[in-house]
Amino acid sequence: MFRNQYDTDVTTWSPAGRLFQVEYAMEAVKQGSAAVGLRSRTHVVLATVNKAASDLSSHQRKVFKIDDHVGVAIAGLTADGRVLSRYLRNECINHSFVYEAPLPVGRLVVRLADKAQVCTQRSWKRPYGVGLLVAGLDELGAHLYYNCPSGNYFEYQAFAIGSRSQAAKTYLERRADKGRPLRHQGDAAGEKLTSSICTVAIVGIGEPFHIISEQAVQEMVDALETREEATAEQSGGDMQDESGNPDAAAPMEEI
Amino acid sequence: MAHDEDVAGSERTLYPYVTGTSVIGIKYKDGILMAADTGGSYGSTLRYKSVERMKVIGKHSLLGASGEISDFQEILRYLDELILYDNMWDDGNSLGPKEIHNYLNRVMYNRRNKFNPLWNSLVLGGVKNGNKYLGVVTMLGAHYEDNHVATGFGNHLAVPILRSEWKEGMSFEEAVKLLEKCLLVLLYRDRSSINKFQIAKITEEGATIYPAYSLKTFWGFSAFQNPGQFAEGTW
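Chains as they are written, first to last, in this note's numbering: chain A, 1 to 255; chain B, 256 to 490.
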């Protein structure tokens with residue numbers, strides 16, 4: 001995208017019918033570090049790659065628990081992500097207070113989307129520069145949604161956002177019907193994993209949203225690499241993390 | 256902006272005018288059964304004799320009320336709006352009895368805190384996704400759930416019977432018989448009750464409010480014969 005005379009204001013349309021400020025906001029999401037989400041009928045898993053500002057600093061938090069039944073992973077401007085997480089937590093707790101029941105995920109994401117849309121139609125505001133993968137459970141089942149700075153939202157079986165997310169998305173698309181979320185999560189992150197640079201969180205039936213401990217994540221990663229080595233020997237090829245053999249060896253236990 | 260309360264001094268509920276008496280609710284095999292008479296008393300006068308004190312709320316709940324009838328009608332309007340917005344989402348989610356019970360609790364308690372109560376005792380029952388729910392909210396904002404509940408005189412006369420004879424998984428017929436036993440006691444002993452009752456049922460399939468009917472009463476006790484026997488001249 002190149003600079004043009006229609007991109008200063010969010011409230012200015014281009015002749016081609018585009019709102020450039022909104023599209024630029026979505027660029028900010030693409031530049032952020034990766035976040036991946038995957039769901040089965042009973043569980044939803046989120047994973048993020050954590051970047052640190054420098055070797056001396058701590059990693060940025062990209063996964064937030066919103067309520068026992070909902071959590072989000074963000075990519076883009078993490079400050080915007082924190083603010084939106086606070087909003088989501090507020091909506092959930094207000095609903096719980098009045099109705100003594102969890103806010104259905106579908107209704108939560110609509111409120112978030114409507115909030116984002118407001119920023120695309122006010123001259124004194126700017127769009128939120130963060131994309132959110134919303135993972136949650138309600139009476140209708142397990143859900144994974146993606147909320148965009150544009151105010152759009154979509155429900156997904158699996159999705160990835162942030163840098164190098166396309167590789168992850170392709171990987172996930174190829175495996176759309178396979179039933180083992182966690183194994184694919186690790187592969188799909190598409191980078192050399194260690195538990196220190198990635199965060200994994202899960203929510204499921206009988207399992208409130210929680211971030212999996214670093215140790216448990218490391219065990220999963222080790223198990224993945226063992227399997228990958230095993231299948232590499234079998235097929236004799238040069239295996240990369242992203243392109244695991246779909247017909248490969250023993251199923252890994254889900255956590 | 257000048258509110259009516261500011262101009263008039265204070266406008267709040269002081270006492271009820273047209274009231275309904277007990278409501279009884281029990282869980283049974285397929286769902287919830289509720290019973291109430293159709294009387295609306297104006298003090299000690301039995302002014303209205305065809306008042307429906309139980310209504311269906313949304314897809315999954317039944318609400319029965321005792322106390323001020325006009326306040327019950329107001330609550331029905333609040334719930335109408337609530338259900339309307341819930342339906343407008345059109346997303347497969349719906350408010351179940353638990354949610355409505357809690358919502359009503361919030362409303363009743365908040366009104367009580369402002370010293371302007373809705374003068375009702377509410378029985379909220381329903382079934383959603385196989386889960387049966389039965390609860391009460393009072394005008395003070397007190398709330399609780401149980402397998403069998405009652406309001407007003409029902410607390411004193413019906414609950415002891417229910418505690419003794421209610422059991423898990425009763426059939427529809429057994430449950431109705433139990434309710435009728437309670438209604439009969441209330442008819443004999445509660446001055447504001449009338450012999451015209453409605454039974455309401457809610458199950459996973461849906462809700463039904465049956466047409467009103469009467470119970471057979473017996474007054475032929477020997478003690479009632481010749482009441483002036485020991486008080487000559489009495490009437």
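None of these hints come from the bench; they were simulated from the model. Among the hints, a few may not be true.
[Claimed, not checked] DSS-like cross-link-like pairs, simulated, lysine-lysine; straight-line CA separation at most 30 Å:
| # | chain 1 | residue 1 | chain 2 | residue 2 |
| --- | --- | --- | --- | --- |
| 1 | B | K422 | B | K436 |
| 2 | A | K65 | B | K436 |
| 3 | A | K115 | B | K436 |
| 4 | B | K304 | B | K451 |
Status of each hint after checking the structure:
1. B:K422 <-> B:K436: holds (15 Å)
2. A:K65 <-> B:K436: violated (52 Å)
3. A:K115 <-> B:K436: violated (56 Å)
4. B:K304 <-> B:K451: holds (8 Å)
Hints 2 and 3, counting from the list given before, are not met by this structure.
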